[in-house]
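Each residue of the sequence shown is one higher than the one before, counting from 86 in the numbering used here.
By construction, these hints were calculated from the structure, which means they are not laboratory data. It cannot be assumed that every hint is accurate.
What the hints assert, rightly or not - DEER-style ranges, computed between Cβ atoms: (1) I98 to I129: 24 to 32 angstroms; (2) S135 to N115: 19 to 27 angstroms; (3) N115 to S87: 49 to 57 angstroms; (4) G133 to I111: 33 to 41 angstroms; (5) V131 to D110: 16 to 24 angstroms; (6) A126 to N89: 47 to 55 angstroms; (7) I137 to I91: 18 to 26 angstroms; (8) D127 to L103: 47 to 55 angstroms; (9) D127 to W101: 32 to 40 angstroms; (10) I91 to V131: 32 to 40 angstroms; (11) N99 to N121: 17 to 25 angstroms; (12) S87 to K124: 55 to 63 angstroms.
For glycine and all other residues, C-beta sits at the position ideal for the given N, C-alpha and C.
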Amino acid sequence: MSINFILKIENIINQWLLKEEPVPDIPLSNFEALTNEMKLADVILVEGRSRIG
86 MSINFILKIE NIINQWLLKE EPVPDIPLSN FEALTNEMKL ADVILVEGRS
136 RIG
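Use the sequences and the hints to build the structure in full.
Shown next as C-alpha coordinates:
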(Lines of atoms letter the chains of each structure in order from A and count residues from 1; the text may use other names and numbers.)
(Lines give C-alpha, C1' and ligand atoms only; values in the text may rest on other atoms or scores of the structure.)
Protein backbone atom coordinates (compact mmCIF):
# COMPACT_ATOMS: atom_id res chain seq x y z
CA MET A 1 0.00 0.00 0.00
CA SER A 2 1.07 3.52 -0.68
CA ILE A 3 2.13 5.67 2.27
CA ASN A 4 -0.02 8.52 0.89
CA PHE A 5 -3.09 6.24 0.98
CA ILE A 6 -2.38 5.25 4.58
CA LEU A 7 -1.89 8.89 5.60
CA LYS A 8 -5.15 9.86 3.89
CA ILE A 9 -7.09 7.12 5.74
CA GLU A 10 -5.41 8.11 9.00
CA ASN A 11 -6.40 11.74 8.44
CA ILE A 12 -10.04 10.80 7.76
CA ILE A 13 -10.21 8.72 10.95
CA ASN A 14 -8.56 11.46 13.01
CA GLN A 15 -11.00 14.09 11.72
CA TRP A 16 -13.94 11.82 12.55
CA LEU A 17 -12.66 11.14 16.08
CA LEU A 18 -11.83 14.77 16.85
CA LYS A 19 -15.06 16.27 15.47
CA GLU A 20 -16.89 18.02 18.30
CA GLU A 21 -20.60 17.51 18.71
CA PRO A 22 -22.80 20.64 18.84
CA VAL A 23 -23.74 22.02 22.25
CA PRO A 24 -27.28 20.93 23.21
CA ASP A 25 -29.90 23.62 23.85
CA ILE A 26 -30.89 21.97 27.14
CA PRO A 27 -28.11 21.53 29.73
CA LEU A 28 -27.27 17.91 30.49
CA SER A 29 -27.09 18.54 34.23
CA ASN A 30 -28.57 20.85 36.82
CA PHE A 31 -25.72 22.95 38.19
CA GLU A 32 -27.69 24.11 41.25
CA ALA A 33 -28.59 20.55 42.26
CA LEU A 34 -25.01 19.45 41.64
CA THR A 35 -23.56 22.14 43.92
CA ASN A 36 -25.97 21.10 46.70
CA GLU A 37 -24.84 17.46 46.48
CA MET A 38 -21.06 18.03 46.28
CA LYS A 39 -18.92 17.46 49.34
CA LEU A 40 -15.35 18.40 50.15
CA ALA A 41 -12.84 16.25 48.21
CA ASP A 42 -15.41 15.13 45.59
CA VAL A 43 -13.91 14.56 42.17
CA ILE A 44 -15.70 16.00 39.15
CA LEU A 45 -15.13 14.32 35.79
CA VAL A 46 -15.76 16.53 32.78
CA GLU A 47 -16.33 14.99 29.38
CA GLY A 48 -15.66 16.83 26.15
CA ARG A 49 -17.78 16.86 23.03
CA SER A 50 -15.46 14.80 20.81
CA ARG A 51 -15.52 11.02 20.34
CA ILE A 52 -12.23 10.52 22.19
CA GLY A 53 -11.62 11.49 25.76
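Hint check:
{"no.": "1", "hint": "I98 to I129: 24 to 32 angstroms", "verdict": "30 angstroms, holds"}
{"no.": "2", "hint": "S135 to N115: 19 to 27 angstroms", "verdict": "24 angstroms, holds"}
{"no.": "3", "hint": "N115 to S87: 49 to 57 angstroms", "verdict": "52 angstroms, holds"}
{"no.": "4", "hint": "G133 to I111: 33 to 41 angstroms", "verdict": "18 angstroms, violated"}
{"no.": "5", "hint": "V131 to D110: 16 to 24 angstroms", "verdict": "20 angstroms, holds"}
{"no.": "6", "hint": "A126 to N89: 47 to 55 angstroms", "verdict": "52 angstroms, holds"}
{"no.": "7", "hint": "I137 to I91: 18 to 26 angstroms", "verdict": "20 angstroms, holds"}
{"no.": "8", "hint": "D127 to L103: 47 to 55 angstroms", "verdict": "30 angstroms, violated"}
{"no.": "9", "hint": "D127 to W101: 32 to 40 angstroms", "verdict": "34 angstroms, holds"}
{"no.": "10", "hint": "I91 to V131: 32 to 40 angstroms", "verdict": "34 angstroms, holds"}
{"no.": "11", "hint": "N99 to N121: 17 to 25 angstroms", "verdict": "41 angstroms, violated"}
{"no.": "12", "hint": "S87 to K124: 55 to 63 angstroms", "verdict": "57 angstroms, holds"}
When each numbered hint is compared with the structure, violations occur for hints 4, 8 and 11.
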